[in-house]
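In the order they appear, the protein sequences are chains A and B.
Here the working numbering is used: the first sequence runs in plain steps of one and ends on residue 559.
Here the working numbering is used: the second sequence runs in plain steps of one and ends on residue 1047.
Incorrect hints may have been included.
The calculated label-pair distances, taken between Cβ atoms and stated as ranges, are [unchecked claim]:
#1 B:A868 / A:V443: 25 to 35 Å
#2 A:R333 / B:D693: 21 to 31 Å
#3 B:A868 / A:S474: 35 to 45 Å
#4 B:A811 / A:D360: 35 to 45 Å
Worth flagging that the hints you see were computed from the coordinates, not collected in a lab.
Note that beta-carbon positions come from the ideal geometry of N, C-alpha and C, so glycine has one too.
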Amino acid sequence: MGESNASLQLTPDGNLRHFLSIDGLDRAMLTRILDTADSFIEVGERSIKKVPLLRGRTVVNLFFEPSTRTRSTFELAAKRLSADVLNLDIGTSATSKGETLSDTLLNLRAMASDMFVIRHAQSGAPHFIARSVTPDVAIINAGDGRHAHPTQAMLDMLTIRQHKQTFAGLRVAIVGDIQHSRVARSQIRALNTLGVDEVRLVAPYTLLPNRPEVLGARVFSRMEDGLKGVDVVIMLRLQRERMEGALLPSESEFYRMYGLTEEKLRHAAPDALVMHPGPINRGVEIESSVADGPQSVILGQVTNGIAIRMAVMSMAMSGQLGDRQSEQGEGVQAS
Amino acid sequence: MTWRIDHIFPVEGGKVPQEPTSVLVDDGVISAIGGSAEGAEADQVTDGQQQWLMPGLIDLNCHLREPGPDRKGSIATETLAAARGGVTRVCTVPDTSPVNDSGAVTHLIQDLARRNGRVRVHPVGAMTRGLAGEHLSDMASLAGAGCVAMGNAGYATQNARVMRRCMAYARTFDLKLFIQPENPALAADGCAHDGVMAARLGLPGIPEVAETTAVNELLMLGAETEVRLHLGPLSCARSLDLVRAARESGQAVTCEVGITHLVATEGSIDGYEGIFHCRPPLRTEVDRQALLEGVESGVIDAIVSQHRPTDRAAKQAPFADTEPGLSTVESLLSLGLRLVSEGALSRERLLAALTSGPARILDQAPPSLEAGSPADFFLLTPGQSWNVEPESLLSSGAHAPTLGAELPGVVTLTALGGRVVYQA
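Pulled out of the complex, with its shape left as it was, chain A reads as follows (with noise of 0.2 Å):
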């Protein structure tokens, strides 16, 4: 898949024109996306934190699904580029009018906006609508159905970096609820194209995809097993309503087999990440021992959340508007 995707996100000379999934990127943009996020890092360690690359620009937040720190963290992103934004809750309001999603999405384009921050329960909405906007919007995917959550586990690049330096033999444990996380399937990707030496996949095969493998990761069944020598956890959180379709028994069995305690920490490397793209359960996922002790840095990834969300923006923006030109043919060449 990494073609079609590839096609759709980038500018025919190689530029980021909508952010939509990690699937067809390679590692030199991604390597891109984090020096540019290091480099926004610093603009929120001033006193004034505005840069203005995005000014003048507008940025819409479509939120088809309900979030407050995804979004809050984007809209924030957004006006630390001077952009103008506008945040859209949508939820279901739109279509329970009738109004098609390609009709709610003319009639925001038609309001000159540049770029749509974009969340949405179903799989693949992003692509459908950098598809039918391209290319007079750039896209950036705030989160889609089960499929992919980019800027979080570009995020989750950012935080492993800063504390690992480099990714080539780190072994990495994604554990929990993988088949209804977008957030691992964009990880396992990222850290596969970063070029980690091993993810690993711990949970029990109702929480799995059918086809776990194709994912680029091992799976095991046991958090011991699963946890022995990794340099990094990943822990994903377990939405309550998993108990009610039959996929697990019950959140005390689930702590006790792949709640993540500080004894079972201590079958990863002694100074092993632990990470959680939040909200955490504390007792349900991760004991609160080990969410707030001294190998977890689910805090500092809150903060790169910022600085990942300015870079990606702003990237998509120049390949965006470079793309815009070439199409209407300014001829903007030897200038």
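Since chain A is already given, all that's left is putting chain B on it; use the hints.
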């Protein structure tokens, strides 16, 4: 009125004769073919220009979308599309709106077909009222009104008890059941084969067992009730194993496969291609090969188009929200001929699965070019190809599986009862 077509190669059973000949049609019936037709007197003479003359095809699974929302398709548009594909008999699936669960709806379909149809339309009645899977429909009355079989149109029955009673009741009147097998609890909210692509794209999957356990249950219930059972469209290799075993034990069961499942796999949905959203879902290459082998060996009796046109808007959405189904009746034969040219299928078996196989399932005389047969046939230029483009399709649905592709075999003329119903 008599009509003679000269310079044609009559192609039946897959063999192409060495020398061209003529066919003579008298009052809608083929009165002579071969030497006795050559030079015979006729009111009208057509030069067949060395094309193949082939008996009209039968499509057991075709959605004409009428009665129903008219932007999705009509009997006029979809039967014209069928005629262009060389199809002269179609069975309409009962999931019309309203559902074809009463003699009144059956009569309406037949009236519309008489007035606007280009091919013979054989309605399939709904097996349960409203296809809701709870109450038996008036099956005997539906059959009396002209339904050739009763079906579930892919809808589940509430439980196995309802299914068992449908079968027992159908058997009372020796009615055939057309059932698309799917275990609703296992299919749940799935929209793609539960395999590699679903895992990567993060789409809820429909596992293979959603089909195989349903096939198994239907075969058990069918054996017990001794109903005449027709299953499909099937999508999995293992479903064929089950049908083969049942047949070997003497059970009266037949099955069908959709043309799209013979030419495409789950890989087609990469990039969230909503066009390829269909039920059953496209599965793996192993399954596709097994389905081809099933047609070749005869376990599969019929290849169907599973034509299901829809409007553009219904395919313009995120994958899971798109309406399942493809517009296939126009490319049915050409896709089959491409499989033949690739060596994946023999021409003989392809044509049998589009003519004599489905005819047997319907208890109808097989399409034939022999003297005495109705003049339902078409002319095909086998060496010519055509481009599948949204604008060039006659169907209301522009979502064909091979958009942009060049397919072999162009139908230039289709006749029904000696009357030209389509001409390129």
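Taking 35 to 45 Å as the hint, is the beta-carbon distance of A868 (chain B) and S474 (chain A) inside that range?
-> Between A868 (chain B) and S474 (chain A), where Cβ atoms are some 41 Å apart, the hint holds.
When you take the CB atoms of R333 (chain A) and D693 (chain B), is the distance between them in 21 to 31 Å?
Since R333 (chain A) and D693 (chain B) have Cβ atoms about 30 Å apart, the given range 21 to 31 Å holds.
Falls inside 25 to 35 Å, the C-beta gap from A868 (chain B) to V443 (chain A)? For V443 (chain A) against A868 (chain B), whose Cβ atoms are near 33 Å apart, the range 25 to 35 Å holds.
Per the hint of 35 to 45 Å, is the separation of the Cβ atoms of A811 (chain B) and D360 (chain A) within bounds?
Roughly 38 Å apart at Cβ, these two residues keep to the hinted range, so it holds.
Hint compliance for this structure: no hint is broken.
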